[in-house]
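Build out the structure end to end from the sequences listed, making use of the hints.
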Amino acid sequence: MYVVIYRKDNETDYMCSLKDNWKDVLCEFLHDICGFDNEDLIDLYKKSIAMATLPDAIRLMYVFNGQNVVIRDIFVGMRQVDMSQNNDAARENLDL
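Going by the working numbering, the residue at position 67 of the sequence shown is 198; the numbering climbs one at a time, nothing skipped.
Hints may contain errors.
[What the hints assert, rightly or not] Simulated DEER-style distance windows between Cβ atoms: (1) 140 <-> 182: 28 to 36 Å; (2) 182 <-> 141: 31 to 39 Å; (3) 152 <-> 190: 14 to 22 Å; (4) 208 <-> 141: 24 to 32 Å; (5) 142 <-> 178: 27 to 35 Å; (6) 195 <-> 152: 13 to 21 Å; (7) 178 <-> 141: 31 to 39 Å; (8) 143 <-> 178: 27 to 35 Å; (9) 163 <-> 190: 17 to 25 Å; (10) 206 <-> 142: 16 to 24 Å; (11) 142 <-> 181: 28 to 36 Å; (12) 191 <-> 146: 14 to 22 Å; (13) 143 <-> 182: 27 to 35 Å.
Honestly, the hints are just simulated from the structure, not real lab data.
Glycine included, C-beta positions come from ideal geometry on N, C-alpha and C.
Now the structure itself:
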């Protein structure tokens, strides 16, 4: 799981993604958070970042989208905890 921390309209928020790699996460981010509805542009972006590093892919995203939405951090390997369990079971999942 990836978690992307971003700033949009002077507010900090986050997006969770179950995608397998950061390239798909950035494409999902462009579509869901930045509001890109043009699938052709998203496909072009995905092809453009095929051999890029993550920092370069984020810089290219700013070319596509401007700086209306700024990524602050990306976390990978996050583990989601089911908080509907009773408190003791939830603590065990968190290794507390």
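Evaluated hints:
| no. | hint | verdict |
| --- | --- | --- |
| 1 | 140 <-> 182: 28 to 36 Å | 33 Å, holds |
| 2 | 182 <-> 141: 31 to 39 Å | 34 Å, holds |
| 3 | 152 <-> 190: 14 to 22 Å | 18 Å, holds |
| 4 | 208 <-> 141: 24 to 32 Å | 29 Å, holds |
| 5 | 142 <-> 178: 27 to 35 Å | 32 Å, holds |
| 6 | 195 <-> 152: 13 to 21 Å | 19 Å, holds |
| 7 | 178 <-> 141: 31 to 39 Å | 32 Å, holds |
| 8 | 143 <-> 178: 27 to 35 Å | 30 Å, holds |
| 9 | 163 <-> 190: 17 to 25 Å | 20 Å, holds |
| 10 | 206 <-> 142: 16 to 24 Å | 19 Å, holds |
| 11 | 142 <-> 181: 28 to 36 Å | 32 Å, holds |
| 12 | 191 <-> 146: 14 to 22 Å | 18 Å, holds |
| 13 | 143 <-> 182: 27 to 35 Å | 31 Å, holds |
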